[in-house]
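Chemist: Modelling step: build the complete structure from the supplied sequences, incorporating the hints.
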Amino acid sequence: MKKTLCELLEHFYQLSLTSRLFIGFIFSVIFGLCWFYVSMFIGSFVWDVPFFDFIDVVLLASKQLESRSLIHFLLVTQSISMFFIPAIVMTKILKSNIISLWKLNTLPSGFFLFLIIQIILVNIPGMNFWSGINTSIVQLFVPTSSVLHTMYEQSQAITNYMIHAPRFVDLLINVFCIAIIPAVSEELFFRGMLQRYAARAMGRVEVAIIITSIIFSLLHADVYNFIPRFCMGIIFGYLYWYTNNLWVPIIAHFIHNSGVVITYYAIQHGFIHDNFEFIGMWGYGAVFGIVSILVVSMFLTYMVSIKMQINLSDKEQLQ
Numbered sequence: 017m018k019k020t021l022c023e024l025l026e027h028f029y030q031l032s033l034t035s036r037l038f039i040g041f042i043f044s045v046i047f048g049l050c051w052f053y054v055s056m057f058i059g060s061f062v063w064d065v066p067f068f069d070f071i072d073v074v075l076l077a078s079k080q081l082e083s084r085s086l087i088h089f090l091l092v093t094q095s096i097s098m099f100f101i102p103a104i105v106m107t108k109i110l111k112s113n114i115i116s117l118w119k120l121n122t123l124p125s126g127f128f129l130f131l132i133i134q135i136i137l138v139n140i141p142g143m144n145f146w147s148g149i150n151t152s153i154v155q156l157f158v159p160t161s162s163v164l165h166t167m168y169e170q171s172q173a174i175t176n177y178m179i180h181a182p183r184f185v186d187l188l189i190n191v192f193c194i195a196i197i198p199a200v201s202e203e204l205f206f207r208g209m210l211q212r213y214a215a216r217a218m219g220r221v222e223v224a225i226i227i228t229s230i231i232f233s234l235l236h237a238d239v240y241n242f243i244p245r246f247c248m249g250i251i252f253g254y255l256y257w258y259t260n261n262l263w264v265p266i267i268a269h270f271i272h273n274s275g276v277v278i279t280y281y282a283i284q285h286g287f288i289h290d291n292f293e294f295i296g297m298w299g300y301g302a303v304f305g306i307v308s309i310l311v312v313s314m315f316l317t318y319m320v321s322i323k324m325q326i327n328l329s330d331k332e333q334l335q
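Numbering (my numbering), first residue to last: 17 to 335.
Quick caveat, the hints were computed from the structure, so don't treat them as lab data.
Glycine included, C-beta positions come from ideal geometry on N, C-alpha and C.
Treat each hint with caution, since some may be false.
[What the hints assert, rightly or not] For each label pair, taking beta carbons as the anchor points, the in silico distance ranges come out as:
#, residue 1, residue 2, range
1, F128, S85, 29 to 39 Å
2, P182, I230, 35 to 45 Å
3, W298, P182, 28 to 38 Å
4, F184, L235, 39 to 49 Å
5, G219, Q284, 40 to 50 Å
6, Q325, V138, 23 to 33 Å
7, G126, S32, 18 to 28 Å
8, I153, M314, 17 to 27 Å
Modeler: Pasting the structure below:
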């Protein structure tokens, strides 16, 4: 039996990359769905909610706004099922060592980490600027009676309720569920798996980054914030391409998400003004949003030029 299994694995690893990707995709979906349904089954007993109600995650969350723990559970389960498990399964099926492939055994330098934190914080007004423009565009074409608008309102209601943190321990839970879990799961999937293999298949890393960023934004199912999420995907994608270390986009993603959570907490408790969350939008200091976009764009351009010089130098040494 063991010999037969080894022979099957050897035969599998001799298949073309396209075939292995297709088979890996099927298995990743199966394992992800298994985790999701097992979690829903367990959750239905813990929260005494009918099992089939757990299947419609957004609808259930909108009905159960009095249970913050339930919403956190659904968020974490969804993130792990959709992104974390498929990324791990795909990587193992493609016969890659997870730690060495994503350089998870090597942390970036302290200076580079400090630089990432500064760039992500500077980027916030720019994302608010794009969010305002995105919302204005969508409102021109999507009526308030549409399904998209209803889904957006449900999502906003869930988000606003979830990030409300009366106590400091609630803030820590929010950081874990909204910042840590999504940052790790989504970066493993989008940058570590999807962008990496898209770049290998197409031979054009910039095209792979753009396509991955589009998918990254689409899978969040929020047309009102498609543009800012797409821009964040571009930033995370180039950070990963430049460093070839998945810790970098994971940390950047964590800083962005936790920054949003902490900002809301600070506003709720009167540490900062209510309008701070809108900084960068029209009417709330749009000039900061424009400057933010320019600064981040120049940083990415400089980073790309340095990477291109390094690649060119490496090619010349090999010749």
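Chemist: Look at each hint and say if it fits the structure.
Modeler: Results of checking the hints against the structure:
no.: 1; hint: F128 / S85: 29 to 39 Å; in the structure: 37 Å, holds
no.: 2; hint: P182 / I230: 35 to 45 Å; in the structure: 38 Å, holds
no.: 3; hint: W298 / P182: 28 to 38 Å; in the structure: 32 Å, holds
no.: 4; hint: F184 / L235: 39 to 49 Å; in the structure: 32 Å, violated
no.: 5; hint: G219 / Q284: 40 to 50 Å; in the structure: 48 Å, holds
no.: 6; hint: Q325 / V138: 23 to 33 Å; in the structure: 24 Å, holds
no.: 7; hint: G126 / S32: 18 to 28 Å; in the structure: 42 Å, violated
no.: 8; hint: I153 / M314: 17 to 27 Å; in the structure: 26 Å, holds
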